[in-house]
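Asks: The residues making up each chain are set out below.
Protein chains: 2
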Amino acid sequence: MSGSPRDHLTFGDSLAAHVARRESQIVLGLDPDPARLWPAASGSGRVAADDALLEFILATAGRLGADVASVRVSAQASVAVLEHCRAVIDAVGPACVALKPQAACFERLGAAGWLVLEAVCRHARSAGLLVLLDGKRGDVPVTASVYGEAMLSGAPSPFGRLPGLGADAMTGNPLLGRDAMTALVEAARAGGRGVFALVRTSNPGAADVMDVALQDGGRLWEHLARLVSSLGEGGRGPASGLSDVGAVTGATAPEHLARMRELMPHAPFLLPGVGAQGGDVESLGPAFAPGRAAGLITASRSIVNAYEQSASSPAHAARSEAERLRGLAWSLV
Amino acid sequence: MSGSPRDHLTFGDSLAAHVARRESQIVLGLDPDPARLWPAASGSGRVAADDALLEFILATAGRLGADVASVRVSAQASVAVLEHCRAVIDAVGPACVALKPQAACFERLGAAGWLVLEAVCRHARSAGLLVLLDGKRGDVPVTASVYGEAMLSGAPSPFGRLPGLGADAMTGNPLLGRDAMTALVEAARAGGRGVFALVRTSNPGAADVMDVALQDGGRLWEHLARLVSSLGEGGRGPASGLSDVGAVTGATAPEHLARMRELMPHAPFLLPGVGAQGGDVESLGPAFAPGRAAGLITASRSIVNAYEQSASSPAHAARSEAERLRGLAWSLV
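Chains as they are written, first to last, in the working numbering: chain C, 420 to 752; chain G, 420 to 752.
One should not assume that every hint holds.
What the hints assert, rightly or not - Facing chain G, a subset of chain C residues (Cβ under 8 Å, in silico):
#	residue
1	Pro453
2	Glu526
3	Asn622
4	Asp627
5	Leu633
6	Ser732
7	Ala736
To be verified - Computed footprint of chain C on chain G; a stretch qualifies when at least three of its residues, placed anywhere within it, have a C-beta under 8 Å from a C-beta of chain C:
#	stretch
8	438 to 445
9	480 to 490
10	514 to 524
11	543 to 557
12	579 to 589
13	610 to 621
Unchecked claim - To give an idea of the chain G side of the interface with chain C (calculated C-beta under 8 Å), a few residues:
#	residue
14	Ala538
15	Gly596
16	Met629
17	Val752
If you are wondering where the hints come from, they were derived from the structure by calculation, not from laboratory data.
No residue lacks a Cβ here, since even glycine has one placed at the ideal position from N, Cα and C.
Isolated chain C, as found in the complex:
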């Protein structure tokens, strides 16, 4: 990857450059469900490599002792998911700055799903998109480093360099504290990549733990926000001022955004919850105060399934919805 921006730029500067070049703050979430793929993803878009995938998984997993009928299901579902993801990226990618694949949905497909995840990351990169891998990983330091290697940078080994998924950033869970997060951040920073730590998620249950009141008078999410800000101090981009440690900040709690920006002045915010989860893009102004790349708007089902409320084709409806969000967000700064 010599000569690529990540050899020279911090994640914050790379992100800001991508947002400016693509004129978009929209992050396309991909959480493919084999029961809800685009109608076209059922054979017509299949290419030779997909059949190779199917053949490979069947032969190998069978010889490793797996139940062949079960493996056939995984392989067929994986091929359909790959076709779907390629079609979605081709249709919607031009309106977006990044792709956010949801790791769980690929893991559900087994080893074939991980092959598909790798192929989807490559397809996104070739479409000019950053890849923000959404796996919400968090573990003790030695293991957090391994997750960083798996998702982001790869790792040396006696067999040669393990490639890893090569994502530009990953989501991380800060419950295990500073040393655990530092291990993730160091793995990211060494390669000019980033981490988005959970600060306040968009599900109703987030109130149960992240909103708990602390002895110091604040809420747990404010404590996590300070940790995120501190972790990012050594990784600010000189051009953008943005750090390489961002925050996942649920867009369904917009009244918190101003406070979050106060606590994390340099962190890029990843704002899920727009669309299917009920968030509202017009209320996100404070996120963008440090600049357009400081607020990334994630949408998944509201884009991918837009055709269900439309007379248009899946591709056209999805692109239209993504362009609508892009225009709305771009107008806020």
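Using the hints provided, position chain G relative to the given structure of chain C.
Replies: Quick look at chain G alone, frame taken from chain C:
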């Protein structure tokens, strides 16, 4: 899987039956590092299926557009890791009740690593071990369900039933609150499986967040412990009294164990940190108050790498250390 215990027993009862039958509370942690495999895992133990793995990963990932040299590294490292894991399970399994594979270490190997993880889970089951998958997953409810399907039970799909990894239990991260954890627990409970939620981990940084003081006078880990206890209420085994929602409770803070048992009277505890991380098995008495299966002792590097401080072979040194831990723990009740 009809006729298997999980069709009839809750996870707590299944766990208690396994502990009684195997006379062991030891959970063998597997976090394989390609740079630190058993010396024998370098070719002599290779079987035909391993070469098939290598051959097909190369052909398929290459056809899907991956860099073939990188894929070759992943495949070769994966074959060596598979041989290592099989050898460790064969040597140490008889002293243990369960295997705890660390998901990160397999993800670092890419799609080939996931194939190896699947094969390792099968190998453990055929050795009579429960499988506790350590991935510390946590996400919003819709995604938490997908993780439950991926790790534990599998899922229906239009292509047939996706098998999932079929683990007996998984570790989960409760930061996202009750609704997110409920989705994981429901996915587990439906198949007689379990979830071990992080309450207080064993790394030094755990103090930064899990020990934070709350307005109500307690610590965050006590708040998490109450959540765990409440989530487990609907899933107690009638025979053992143990619930299907356990707790990861770092053995490096033994002064907390009595309080944890008070807050979670029916939860099985997963006690990492013995051995390599500095914990001490004799101090774990309160964990076992509800019965032997209420306290599971995890050890990874202290078992697998015991030969480095010994004149014995890797297999013999590992088995000896596991038997030593097994005897110590069994004598505590």
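Asks: The structure should be examined with respect to each hint, and the outcome stated for every one.
Replies: A quick look at each hint next to the structure:
1. Pro453: Nearest chain G Cβ about 4 Å off; hint holds.
2. Glu526: Result: holds, 4 Å to nearest chain G Cβ.
3. Asn622: holds, 4 Å
4. Asp627: holds, 4 Å
5. Leu633: holds, 6 Å
6. Ser732: violated, 21 Å
7. Ala736: violated, 21 Å
8. 438 to 445: violated (count 0)
9. 480 to 490: holds (count 9)
10. 514 to 524: Our answer is that it holds, as 3 residues pass the Cβ test (under 8 Å) against chain C, meeting three.
11. 543 to 557: The restraint on the stretch 543 to 557 of chain G holds, since 3 of its residues have a Cβ under 8 Å from chain C and three suffice.
12. 579 to 589: holds (count 6)
13. 610 to 621: Holds: 3 residues of the stretch 610 to 621 of chain G have a Cβ under 8 Å from chain C.
14. Ala538: holds, 5 Å
15. Gly596: Interface hint status for Gly596 of chain G: holds (3 Å vs cutoff 8 Å).
16. Met629: At about 7 Å, which falls below the 8 Å cut-off, the nearest Cβ of chain C leaves the hint on Met629 of chain G intact, so it holds.
17. Val752: violated, 28 Å
The structure shown violates the earlier hints numbered 6, 7, 8 and 17.
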